[in-house]
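Protein chains: 2
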Amino acid sequence: MDLLKNKILSEGVVLSDNVLKVDKFLNHQIDPELMVEIGKEFHSRFKDTEITKVLTLESSGIAPAVMTALNFNVPAVFARKRKSLTFTDDLLSAQVFSYTKQETNMISVSNQFIQPGDNILIIDDFLANGEAAGALINIVEQAKANVSGIGIVIEKSFQSGAAILKEKNYRVESLARIESLSNHTVTFAGDNE
Amino acid sequence: MDLLKNKILSEGVVLSDNVLKVDKFLNHQIDPELMVEIGKEFHSRFKDTEITKVLTLESSGIAPAVMTALNFNVPAVFARKRKSLTFTDDLLSAQVFSYTKQETNMISVSNQFIQPGDNILIIDDFLANGEAAGALINIVEQAKANVSGIGIVIEKSFQSGAAILKEKNYRVESLARIESLSNHTVTFAGDNE
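Heads up: the sequence lines are chains A and R, in that order.
With positions in the first sequence counted from 1, the corresponding number in the working numbering is that position plus 860.
With positions in the second sequence counted from 1, the corresponding number in the working numbering is that position plus 860.
Hints are computed from structural coordinates only; laboratory data are not their basis.
Possibly wrong hints are sitting among the right ones.
Remember, identical chains collapse to one label, so a pair may be satisfied in a single copy or spanning two.
The calculated DMTMM-like cross-link candidates involving lysine to aspartate or glutamate, where the alpha carbons are at most 25 Å apart (straight line), are [claimed, not checked]:
{"no.": "1", "residue 1": "Lys1028", "residue 2": "Asp949"}
{"no.": "2", "residue 1": "Lys865", "residue 2": "Glu1039"}
{"no.": "3", "residue 1": "Lys941", "residue 2": "Glu910"}
{"no.": "4", "residue 1": "Lys867", "residue 2": "Asp908"}
{"no.": "5", "residue 1": "Lys907", "residue 2": "Asp950"}
{"no.": "6", "residue 1": "Lys941", "residue 2": "Glu963"}
{"no.": "7", "residue 1": "Lys865", "residue 2": "Asp949"}
{"no.": "8", "residue 1": "Lys867", "residue 2": "Glu918"}
{"no.": "9", "residue 1": "Lys961", "residue 2": "Asp949"}
{"no.": "10", "residue 1": "Lys1028", "residue 2": "Asp862"}
{"no.": "11", "residue 1": "Lys961", "residue 2": "Asp908"}
{"no.": "12", "residue 1": "Lys941", "residue 2": "Asp908"}
{"no.": "13", "residue 1": "Lys1026", "residue 2": "Glu1001"}
{"no.": "14", "residue 1": "Lys867", "residue 2": "Glu1001"}
{"no.": "15", "residue 1": "Lys907", "residue 2": "Glu963"}
{"no.": "16", "residue 1": "Lys884", "residue 2": "Glu910"}
{"no.": "17", "residue 1": "Lys900", "residue 2": "Asp949"}
{"no.": "18", "residue 1": "Lys941", "residue 2": "Glu871"}
{"no.": "19", "residue 1": "Lys884", "residue 2": "Glu1027"}
{"no.": "20", "residue 1": "Lys941", "residue 2": "Glu918"}
{"no.": "21", "residue 1": "Lys900", "residue 2": "Glu963"}
{"no.": "22", "residue 1": "Lys884", "residue 2": "Asp950"}
{"no.": "23", "residue 1": "Lys900", "residue 2": "Asp877"}
Since this is a predicted model, take the numbers as computed values, not measurements.
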C-alpha cells in the first residue's frame, strides 16, 4: 500500500535495528484519512472471506480496526489489557509479551462478543514476533470461533511472527512489509499486493 | 442525538446508580456506523470553531475522536496511560483518577503533538466527575495551546464534571446527557441539541 509506505518513509523514525516509531500517524497521533484508506485496503484484501467481527487489541489497533469493520459492516471488538468495574462478563484471556513496553499483559475479551461460529478478522498495527496476534488467535479459538484472516498494518518481516503465522496456515495480509531497519533506514520487502 | 440515546436504551446496562455499561457499542465492542454518526455530530456542533487537533485518552475515546478528526480534516492524538520504548519525546503529563478502574494514572502526550497556538477539541467517551477531561485540559494548557471545546459522548449530568467545566467557561457539548441511573433505569436530561 503505497500511501502507507510513503508515510512510513516520510514520518517514521527508525529508533534501532528492530524498532520503528510511527507515533506521527498511527500510534499516538493518528492520521484519520490514512485510517480510512487502511480500512478500505483491508476490505479489498479480505472481501472474498466471510467476516462477522473484527478483533484488535487496545490501543493502537483500534483506529484501523474500526475503519475496517465499517467497510465490512460488522462490529469491532478490542481486547483489553486491564480490568474495569464495568468489565463483569466471563472473560476469554491470553497472555502477551510486549517488547516495546517490556512487560507481559493478560489481555481479555468478554465471551459475550466472540461467539462460537463467528468469523473473526484480526487487525493489529504491528506484527513483529507474533505475540499479540498469537494471543488474539488463542482467544478466538477459546471461543470456538474461526480466524478468517489476520490484517497487519506494518509487518516487520525480519522478525518471526509472519513466518510462524503462515506456517500455521493463517492468512496474513500486511499493508507494509519491512525487510530491514538496519543503518537507520527502512527497506521494504517485496509487496504482496 | 437520538441514535445514540436509543442505543443506550436498547444496549446499555445500568450496573449501579452511577455506572452505565456500554460495552456493546462503545467501550469494548464498537459500532463503527455509530462512530461515523458521532463524528458528524461533533463536527456539526463545533464547526463554527477553529480546531487544529482532536485530543482524547486511550482507549475508549479513540474511535469517536478519530471519526471527529476525520470530519475536521485534522489529526487525532490520544494521551497514553503507559510508557513505551518508542515514547521518547518530552512529555506533557497529568494525573487522572479512574473511578471505574479504581486507580490513578499518569497520562501523557508527546510535546511534539500539541504545540503553542493549537486549537484543541477534547473528545471523550464519558464525562462523570471530570477527572479525565481535567487532565486533558491541563495537558493542553501546559502546551500553551487553547481548548476550543470539549465533546462528550455520554455525560452523567448527575455527577459534577459538566458543571465544573461549564463554570470554568469551557464549551461542553454532550451527545447524550443522563440525569439519573436510579432504579436501574436510564433517564435522559433535557437535550441541548
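Right, here's what the structure says about each hint:
no.: 1; hint: Lys1028 to Asp949; verdict: neither (31 Å within a copy, 39 Å between copies)
no.: 2; hint: Lys865 to Glu1039; verdict: within (13 Å within a copy, 48 Å between copies)
no.: 3; hint: Lys941 to Glu910; verdict: neither (28 Å within a copy, 35 Å between copies)
no.: 4; hint: Lys867 to Asp908; verdict: neither (28 Å within a copy, 31 Å between copies)
no.: 5; hint: Lys907 to Asp950; verdict: neither (31 Å within a copy, 42 Å between copies)
no.: 6; hint: Lys941 to Glu963; verdict: both (11 Å within a copy, 14 Å between copies)
no.: 7; hint: Lys865 to Asp949; verdict: between (40 Å within a copy, 23 Å between copies)
no.: 8; hint: Lys867 to Glu918; verdict: both (22 Å within a copy, 23 Å between copies)
no.: 9; hint: Lys961 to Asp949; verdict: between (27 Å within a copy, 15 Å between copies)
no.: 10; hint: Lys1028 to Asp862; verdict: neither (28 Å within a copy, 46 Å between copies)
no.: 11; hint: Lys961 to Asp908; verdict: neither (36 Å within a copy, 40 Å between copies)
no.: 12; hint: Lys941 to Asp908; verdict: neither (32 Å within a copy, 38 Å between copies)
no.: 13; hint: Lys1026 to Glu1001; verdict: within (17 Å within a copy, 48 Å between copies)
no.: 14; hint: Lys867 to Glu1001; verdict: neither (35 Å within a copy, 30 Å between copies)
no.: 15; hint: Lys907 to Glu963; verdict: neither (35 Å within a copy, 42 Å between copies)
no.: 16; hint: Lys884 to Glu910; verdict: between (33 Å within a copy, 22 Å between copies)
no.: 17; hint: Lys900 to Asp949; verdict: neither (32 Å within a copy, 32 Å between copies)
no.: 18; hint: Lys941 to Glu871; verdict: between (28 Å within a copy, 23 Å between copies)
no.: 19; hint: Lys884 to Glu1027; verdict: neither (33 Å within a copy, 34 Å between copies)
no.: 20; hint: Lys941 to Glu918; verdict: both (7 Å within a copy, 12 Å between copies)
no.: 21; hint: Lys900 to Glu963; verdict: neither (33 Å within a copy, 38 Å between copies)
no.: 22; hint: Lys884 to Asp950; verdict: between (37 Å within a copy, 14 Å between copies)
no.: 23; hint: Lys900 to Asp877; verdict: neither (31 Å within a copy, 41 Å between copies)
Against the hints set out earlier in the document, violations occur for numbers 1, 3, 4, 5, 10, 11, 12, 14, 15, 17, 19, 21, 23.
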